[in-house]
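Enquirer: In order, the protein sequences belong to chains R and G.
When you line the first sequence up against the numbering used here, it's residues 1 to 446, in that order.
When you line the second sequence up against the numbering used here, it's residues 1 to 348, in that order.
Hints in this document: simulated from the structure, not taken from any laboratory.
Think of the CB as a built atom: it goes at the ideal place given N, C-alpha and C, for glycine as much as any other residue.
One should not assume that every hint holds.
Below, computed lysine-lysine pairings styled on DSS-like, alpha-carbon distance capped at 27 Å [said to hold, decoys possible]:
#: 1; chain 1: R; residue 1: Lys441; chain 2: R; residue 2: Lys119
#: 2; chain 1: R; residue 1: Lys307; chain 2: R; residue 2: Lys196
#: 3; chain 1: G; residue 1: Lys308; chain 2: R; residue 2: Lys304
#: 4; chain 1: G; residue 1: Lys79; chain 2: R; residue 2: Lys325
#: 5; chain 1: R; residue 1: Lys199; chain 2: R; residue 2: Lys325
#: 6; chain 1: G; residue 1: Lys308; chain 2: R; residue 2: Lys307
#: 7; chain 1: G; residue 1: Lys79; chain 2: R; residue 2: Lys402
#: 8; chain 1: R; residue 1: Lys334; chain 2: G; residue 2: Lys77
#: 9; chain 1: R; residue 1: Lys325; chain 2: G; residue 2: Lys77
#: 10; chain 1: R; residue 1: Lys307; chain 2: G; residue 2: Lys55
#: 11; chain 1: R; residue 1: Lys428; chain 2: G; residue 2: Lys79
#: 12; chain 1: R; residue 1: Lys39; chain 2: R; residue 2: Lys67
#: 13; chain 1: G; residue 1: Lys308; chain 2: R; residue 2: Lys199
#: 14; chain 1: G; residue 1: Lys68; chain 2: R; residue 2: Lys404
Here are some chain G residues the structure puts well away from chain R; computed CB gaps all over 12 Å [stated by the list, open to error]:
#: 15; residue: Gly33
#: 16; residue: Ile148
#: 17; residue: Asp234
#: 18; residue: Pro257
#: 19; residue: Ser260
#: 20; residue: Met340
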Amino acid sequence: MSKQLTRRGVLKSGAVVGAGLTMPTIFTSSAAAYTNEPKGGTVTLGFNVPQSGPYADEGADELRAFKLAVEHLNGGGDSGMMKTFSSKELKGNGILGKKVKYVTGDTQTKSDAARASAKSMIEKDGAVMISGGSSSGVAIAVQGLCQEAGVIFMAGLTHSNDTTGKDKKANGFRHFFNGHMSAAALAPVLEKKYGKDRKAYHLTADYTWGWTQQASIAAATEAKGWKTVKNVLTPLATTDFSSYVAPVLNSGADILVLNHYGGNMINSLTSAVQFGLRDKQVNGKNFEIVVPLYSRLMARGAGKNVKGIFGSTNWHWSLSDAGSKAFVKSFGEKYGFPPSQAAHTCYVQTLLYADACERAKTFNPCGVAEALEGFKFDGLGNGPTEYRKEDHQCFKDVLVVKGKENPTSQFDVLEVVEVTPRAQVEYKPDHAMFKGGSLGKCNPGA
Amino acid sequence: MDAILLQILNGLDKGSAYALIALGLTLIFGTLGVVNFAHGALFMIGAFCVVTLQKILNLSTVAIDPTKVDFLGNPLKVKTPYIVNWFGEAAGSAIINWSVPLAILFAIPVMLLVGYVMERGLIKHFYKRPHADQILVTFGLAIVLQEIIKACYGANPIPTPAPEVFRGSFDFGVWIGMAENAVIYPYWRLVYFAFSAIVIASVFAFLQFTTFGMVVRAGMADRETVGLLGINIDKRFTIMFGIAAAVAGLAGVMYSPINSPNYHMGMDFLVLSFVVVVVGGMGSLPGAVLAGFTLGVLESFASMNEVKGFFEAIYLPSIDQIIIYLVAIVILLVRPRGLMGRAGVMEE
């Protein structure tokens, strides 16, 4: 009978067992609460950028921006956009008092290589956050890895709808705009400039970004009355686009849409100009070329060929708001030339991550994610911006740009022709082009 | 018909680059018996000769223009090339405008020197080593050269435009009696094709009609016997290595306006050029040229939408990316020595 269970005995035993289970957690919770919890006086961030391949140009600029952001977070330099950022949590003493260190990797613009380098940075170097990109294929692959590993992914340059559409993840956040937003901003300008009765021929990079970019711009322009004559997919590794460009003039199309980026866009646009497309008339109209996603770096690479060609961009160094001016000054004085949109995005993502840690008072990815979800901010160069909770996509105004006709310097290659308000480019989370997949739950890892 | 003609022209252009690189590769294999995986890097160095000359021609004096500001709001630094100061606006600008053709003169001595240093400094130590060793060391050398170029010039493609007069395109279709806009073709690509034909013909003429070339051909057939006649065949082969390097370099120079030079352009062409050499027949100069043009045209045809659509229907997508390898497999299965290869080479 003495061994029978009593109410008091159960309570006592429960208390002892409970205490026993809780005690180690109290003493060791900081050791195993989440992946790569920073120990000592430093915190390590992982910057994964293409240092080779067709987007190497963007990758080099991203890395410059990351280094500048780390310098500013650690109290060096002129603090850049930390002074204009609407959140005032960052003090130039690292993140949560820990000095920021960083490690870098080369994605080679290949998903498997990018995952391998991100894995190494997480497992060997103890990175608590991964950022970078320049290819949506890479960004989606690395975002998936970060979700599995339990670290935050602050996407760099990734423009595919899928990054925050069907491939969205709770641990991933994107400041950059996407193909749908580009198309929503660009289509009205194209209609105004070139009219409703146009026939478009698309050359499209054959991977997630190209597919969703093409679908978005085709849908938006068709809604304005354009017809899509043909869409030809081109492998990412293509360097000579002459075989793809040569038949365009004879296809009945009077517009060529180049859904290409980086080195691909430089080569395809160069081929298009060499084949005389811009000098011809088809269907009684001047033949025109459109580059939906522009960057200053690739515009410079394409030289005079970009003159008068319309596209969209996430940010441009000529913007006159305080944040943009502070960043251009900071970056320009350090490197001798203005930053690209890729550099801007990566710099901003690093600051946003650091700020979220400060506001959440932890590096725990779930705390950081909670701090970022629904976060509204200003002063980082794009005006009022919001990280939407439902898909972790940033919403802000979109810039429509044009290759400048009379550049005054080698940097002055694009001009902003319209700032499209956020309301015009915003969409619902369950929009047809973004449906499927699941944000899932935040994964803190270990 | 117009689409076919267009792809033939395109193929001849691609074939020109393949043929020139493969010709150099074959010269090296035929003379020295070395499989040179650094040959693509020589093509790239040729293209960067244009970039270098362009930079030299654009070396400038800097003056401050207080009436204008730069992107940071500081007084604008206005650059004026020395060459414009020395020769005047018109002549100076014309020289800069013609930097690609001028780079031919610049590239020939540079490439001969690069070839000589490469052969004497490294490759001669691997003559008697297995082909696998040669491939490893030359491939390593290619990566080193690529990284040096990347470190010096950056990862960005650098625009090197053709002279203004060649920048447009002309209506090839109208010229042969077809409809307007049926076959539009860029002037520079035609120049590239013509240039390739001249270089290939010159190399053949040099080997065929000069005493030097005759000795080299004899050496290729029987190196020991030529050596026993008291002829320093090694020296001649070293010179041939330099010539092969120059041919690859000139291919790169003239290719630079078609696709802006970048540090990995050599690798883009190298593997394809090796396939061309193997298909043409290792050591066969006419074989390299024939295979270069044939595979260039085939690749171009494979990129036609109609052809791609057909192959996609039979579950062979991206046929344009693999056509060369498929053809190579078939040819080597049927004829292991390649189209015009010597009996015994690559057959065992």
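Enquirer: Indicate, hint by hint, whether the structure satisfies it.
Expert: Going down the list of hints, with the structure as the test:
1. Lys441/R x Lys119/R: holds, 21 Å
2. Lys307/R x Lys196/R: holds, 22 Å
3. Lys308/G x Lys304/R: violated, 33 Å
4. Lys79/G x Lys325/R: holds, 25 Å
5. Lys199/R x Lys325/R: Given that 27 Å is the threshold and the Cα spacing comes to 40 Å, the pair is violated.
6. Lys308/G x Lys307/R: Violated, because 33 Å separates the two Cα atoms, which is more than 27 Å.
7. Lys79/G x Lys402/R: Holds, at roughly 26 Å.
8. Lys334/R x Lys77/G: holds, 17 Å
9. Lys325/R x Lys77/G: At roughly 20 Å apart (the allowed maximum being 27 Å), Lys77/G and Lys325/R satisfy the hint.
10. Lys307/R x Lys55/G: holds, 23 Å
11. Lys428/R x Lys79/G: violated, 51 Å
12. Lys39/R x Lys67/R: Given pair Lys39/R, Lys67/R holds - Cα atoms ~22 Å apart, limit 27 Å.
13. Lys308/G x Lys199/R: Within the cut-off at roughly 23 Å; holds.
14. Lys68/G x Lys404/R: holds, 18 Å
15. Gly33: holds, 31 Å
16. Ile148: The claim stands: Ile148/G keeps its Cβ more than 12 Å from every Cβ of chain R (closest is about 14 Å).
17. Asp234: The claim stands: Asp234/G keeps its Cβ more than 12 Å from every Cβ of chain R (closest is about 38 Å).
18. Pro257: Answer for Pro257/G: violated, closest chain R Cβ roughly 8 Å.
19. Ser260: violated, 6 Å
20. Met340: holds, 26 Å
The structure is inconsistent with the numbered hints 3, 5, 6, 11, 18, 19, although it conforms to all the rest.
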